[in-house]
Amino acid sequence: MSQFLAQPLGWGTGLIFALSAVVLLGVVLGFVTYAIYFERKVVGWVQFRHGPTRTGPLGLLQTVADVLKLLLKEDIIPALADKPLFVLAPLIAFVPSFAVLATLPFTESIHFADLGIGLLYYIAVSGITTLGSLCGAWAANNKYSIIGGMRAAAQMISYEIPLIMSLVGVILMTGSLNLIDIVNKQAEMGMWFFIPQILGFGIFIIASLAELSRTPFDIVEAESELVAGHMTEYSGFRYAFFMLAEYVYVFGMASITTLVFLGGWLPPFEFLGFIPGIVWFILKFSFMVFFYMWLRATFPRMRADQLMQLGWKVLLPLSLVNIFVTALLKELL
Amino acid sequence: MADLYSNNYLIVAIFFILGLALPIGALTAGRFLRPNNPIAEKRTTYESGMEPIGGSWVQFNVKYYIYALLFVVFDVETIFLYPWAVAYDQLGLFALVEMLIFVTLLVIGLIYAWKKKVLEWD
Numbered sequence: 001m002s003q004f005l006a007q008p009l010g011w012g013t014g015l016i017f018a019l020s021a022v023v024l025l026g027v028v029l030g031f032v033t034y035a036i037y038f039e040r041k042v043v044g045w046v047q048f049r050h051g052p053t054r055t056g057p058l059g060l061l062q063t064v065a066d067v068l069k070l071l072l073k074e075d076i077i078p079a080l081a082d083k084p085l086f087v088l089a090p091l092i093a094f095v096p097s098f099a100v101l102a103t104l105p106f107t108e109s110i111h112f113a114d115l116g117i118g119l120l121y122y123i124a125v126s127g128i129t130t131l132g133s134l135c136g137a138w139a140a141n142n143k144y145s146i147i148g149g150m151r152a153a154a155q156m157i158s159y160e161i162p163l164i165m166s167l168v169g170v171i172l173m174t175g176s177l178n179l180i181d182i183v184n185k186q187a188e189m190g191m192w193f194f195i196p197q198i199l200g201f202g203i204f205i206i207a208s209l210a211e212l213s214r215t216p217f218d219i220v221e222a223e224s225e226l227v228a229g230h231m232t233e234y235s236g237f238r239y240a241f242f243m244l245a246e247y248v249y250v251f252g253m254a255s256i257t258t259l260v261f262l263g264g265w266l267p268p269f270e271f272l273g274f275i276p277g278i279v280w281f282i283l284k285f286s287f288m289v290f291f292y293m294w295l296r297a298t299f300p301r302m303r304a305d306q307l308m309q310l311g312w313k314v315l316l317p318l319s320l321v322n323i324f325v326t327a328l329l330k331e332l333l
Numbered sequence: 001m002a003d004l005y006s007n008n009y010l011i012v013a014i015f016f017i018l019g020l021a022l023p024i025g026a027l028t029a030g031r032f033l034r035p036n037n038p039i040a041e042k043r044t045t046y047e048s049g050m051e052p053i054g055g056s057w058v059q060f061n062v063k064y065y066i067y068a069l070l071f072v073v074f075d076v077e078t079i080f081l082y083p084w085a086v087a088y089d090q091l092g093l094f095a096l097v098e099m100l101i102f103v104t105l106l107v108i109g110l111i112y113a114w115k116k117k118v119l120e121w122d
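Chains A and B are the protein sequences, given in the same order.
The opening position of the first sequence corresponds to residue 1 in the UniProt record's numbering, with each subsequent residue numbered one higher.
The opening position of the second sequence corresponds to residue 1 in the UniProt record's numbering, with each subsequent residue numbered one higher.
Hints were generated in silico from the structure; no laboratory data involved.
Check the hints yourself; a few may be wrong.
[As the list claims (entries may be wrong)] Think about it this way: if two alpha-carbon atoms lie no more than 27 Å apart in a straight line, the pair counts; the simulated BS3-like pairs of lysine-lysine are:
1) Lys-63(B) to Lys-313(A)
2) Lys-42(B) to Lys-83(A)
3) Lys-115(B) to Lys-313(A)
4) Lys-185(A) to Lys-330(A)
5) Lys-41(A) to Lys-73(A)
6) Lys-73(A) to Lys-42(B)
7) Lys-313(A) to Lys-117(B)
8) Lys-42(B) to Lys-69(A)
[As the list claims (entries may be wrong)] Which residues of chain A face chain B? A few of them, derived with a C-beta cut under 7 Å, are:
9) Met-150
10) Ala-154
11) Ile-171
12) Glu-331
For clarity, every value in this text was computed on a predicted model and none was experimentally measured.
The C-beta atom is built at its ideal place from N, Cα and C for all residues, glycine as well.
So that you can see chain A by itself, here it is in the shape it has in the complex (with noise of 0.2 Å):
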């Protein structure tokens, strides 16, 4: 991709970056396919189930069966709804949530943007989507709508701050917001970021669950209080655009974790390093989206004020010890 990205631009060099933004956009549509069906038999599994197993070969086409019924599903908009506002919400969510992907790198060959504030633009764009759900929520003029989309707002600024925050550390330890320069850092370091930013990885990876919004910090949704929240009026492929963005967010999040702090395509041990860097790549990202399953499947939900009250209470003043002790240690050694 490099030497593609240093060429002036032409009809060749700009279908190739065309053609692999459709490649990417295909994987993701896959993985969030397989993502939903995998979290469905994980949980069965953890509850003494088998989770889906009718649809094809043990289940295997089980969400392609679902997008298929959802696209035949009729458009139902509420007749108190705001029209404009309640046709653009599902845009507004997922558009982002696609976008930010334009700037992972998955191995130091296989990537696309490599923007010099890759790090940040991550972070930018990826704060648009709670527009969407907000937007939706209101637009529907639907009580559990407005409760779920007033508390999903409020629970992505809150955590959004100690999330950002929590990733100075590693910013500080490497000098560049280009993901590529933080993966070889941590290859000259010859440690992931996980070790010497340990409080920093628990921060971020609290927080990014609460941006994920998946178990426990899930209210947001909370089927059983709710009614989906935001969600509640939408159907058919109105509804599958949010949960698709909500699936790609899983997949966008694994990455940056995988990159910031476990080291990218990095192997853990020299001698492995015959192993080609993908390999390790899509392992430690797998991980990362087994983890999210786990813990759905593990955990209770929190309660909304205990929910703000861990984001400013403790996450943001930890993030903020964890920026000065991180810039001290530099300082000192």
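Got chain A sorted already, so can you dock chain B onto it with the hints?
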């Protein structure tokens, strides 16, 4: 070098366009596949099976706005923290002390909000 820069942002633009094209394409294709029979009962707002009582566009708890204000304060702080962290190698101890003063000023605001029980939720 200029090519590298513009090509990188071209890819970002392609991703945005593709992200827009997928939902628009899928919803347009769905228009020909899905039934369309909007009757008045279907289009009522869901409220656990009852007739909706009153609208939902009401004044909301002020707590949410205070959280939003706190968010703006600390989000702007991170805008200063990021370039500081990138350039820290060249800036050294002086910049560390300056950032410490800046963050302390904002943390005093957080402590004030804490004491005023803004972070409580009831």
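Hints and how they fare:
no.: 1; hint: Lys-63(B) to Lys-313(A); result: holds, 16 Å
no.: 2; hint: Lys-42(B) to Lys-83(A); result: holds, 15 Å
no.: 3; hint: Lys-115(B) to Lys-313(A); result: holds, 11 Å
no.: 4; hint: Lys-185(A) to Lys-330(A); result: holds, 15 Å
no.: 5; hint: Lys-41(A) to Lys-73(A); result: holds, 25 Å
no.: 6; hint: Lys-73(A) to Lys-42(B); result: holds, 13 Å
no.: 7; hint: Lys-313(A) to Lys-117(B); result: holds, 11 Å
no.: 8; hint: Lys-42(B) to Lys-69(A); result: holds, 19 Å
no.: 9; hint: Met-150; result: holds, 5 Å
no.: 10; hint: Ala-154; result: holds, 5 Å
no.: 11; hint: Ile-171; result: holds, 4 Å
no.: 12; hint: Glu-331; result: holds, 6 Å
In this structure, every one of the numbered hints holds.
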